[in-house]
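From first to last, the protein sequence lines stand for chains E and U.
Quick note: the first sequence uses my numbering, first residue 1, plus one each step.
Quick note: the second sequence uses my numbering, first residue 135, plus one each step.
It should be emphasised that the hints constitute simulated quantities derived from the structure, not laboratory data.
A quick note: this is a predicted structure, and the numbers were derived from the prediction, not measured.
Check each hint, because a few of them may be wrong.
Where chain E lies over chain U, by a calculated footprint (3+ residues, C-beta under 8 Å) [as the list claims (entries may be wrong)]:
(1) 139 to 145
(2) 332 to 345
(3) 356 to 363
Take a look, some chain E residues computed to stay more than 10 Å from chain U by CB distance [stated by the list, open to error]:
(4) P10
(5) Y11
(6) L47
(7) L64
(8) H65
(9) P95
(10) A97
(11) K110
(12) A122
Ideal Cβ positions, reconstructed from N, Cα and C, are used throughout, including at glycine.
Chain by chain, the residues:
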Amino acid sequence: MDISQSKRKPYVRQVKKSWWLRNSFYTGYMLREGTCLFVGAYTVILLCGLLRLSQGPEAFAGWLHALHSPLAILFHLVALVACLFHAKTWFSLAPKAVRLFKGAELMPEKPIIMAQYIGLAAVSVIVLLIAILA
Amino acid sequence: MAEIMEIEVLRYRPEEDNEPWTQRYQVPFTHEMSILEALTYIKDHLDSTLSYRWSCRMAICGSCGMMVNGKPKLGCKTFLRDYVSAGKIKLEPLANFPIERDLVVDMSDFMQKLEKIKPYIIPKEEKDLCDGEYIQTPKQLAQYKQFSQCINCGLCYAACPQYALKPEFLGPAALALLYRYNEDSRDGAKAERMKLVNQESGVWSCTFVGFCSEVCPKGVDPAAAIQLYKAESAKDYVIAMFKPED
């Protein structure tokens, strides 16, 4: 008998479809990615508004009226929560995509994250002002 | 008398088992005991057939990586005391790698990927020994130092669902190491390594789950290296449109 014969039989584990439920980090990731569906749907609604606007005041009024339905309001509330969650998670990941140095010291993550919130607040205020003043 | 803690270990012995199975051991619990020490206790007192890897016992060799309650950890850097409230400890071999035996996995794919990125300095110009060292400033060192702390433990591969779903993906540690050498001021092989980065199996296979950086025992942050190189790769693509190589 050849005693040097290998007994190797590496066992490969299959990836289950439910892999993203295995731990909370993966579930959070899927949730973050999932929110983009709401961001996308909201964008389509806005584009429809733009299209209706180009078709005249009556068409635009019809689009506005459709937005008053309870279903549309419910969708917008859910989409708002999804967009805020989407923004929060991406803001917290942003420091990974920028590497700023102060001399030989790497800049900490906090100011980068904060700068985005300040940017968001500034843009929101500007848009609000334009909407009020226009 | 010491308190007893139950430790579940996923066993797989290729000569007798067709698939892994779970074995439970009763280990005396002490406050200072690491998972690796618990395994040594099992091996010495309860079951000498158990296989696992270890070497330095001080979180630098990267040998004792394993799944502890579903998360990739270094056995020597993880302590039983942190699992008292969880009530159980389940040890499994590192996820996403084939199981060789018990807690030992086959890391050859990972090693091949590390080798592929040419993890060594390829100078722009060869210098004669008489010409002295390749000088580097502290600022130049800071650019890549974090990414040079990798101990090749493979925890980030076990944390990466993309590597599990797409085994050809170069993966977190190899790309972090690639970044480390590319960003070294003494290296001159960036263009050569960027070919690997730009491939679909390079940075573009990463969907930014980010768990790799979370589990890294050395704070290397492979997710950051990959995101930074997604921007670099996009830049490379645009430049190549205007400046074809040949």
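Evaluated hints:
1. 139 to 145: violated (count 0)
2. 332 to 345: Our answer is that it holds, as 5 residues pass the Cβ test (under 8 Å) against chain E, meeting three.
3. 356 to 363: It holds: at least three residues are needed, and the segment 356 to 363 of chain U offers 4 whose Cβ sits within less than 8 Å of chain E.
4. P10: violated (4 Å)
5. Y11: For Y11 (chain E), whose nearest Cβ neighbour in chain U is about 4 Å away, the distance does not exceed 10 Å, so it is violated.
6. L47: Non-interface label on L47 (chain E) holds, nearest chain U Cβ at 26 Å vs cutoff 10 Å.
7. L64: holds (37 Å)
8. H65: holds (40 Å)
9. P95: violated (8 Å)
10. A97: violated (4 Å)
11. K110: Holds, since 15 Å exceeds 10 Å.
12. A122: For A122 (chain E), whose nearest Cβ neighbour in chain U is about 24 Å away, the distance exceeds 10 Å, so it holds.
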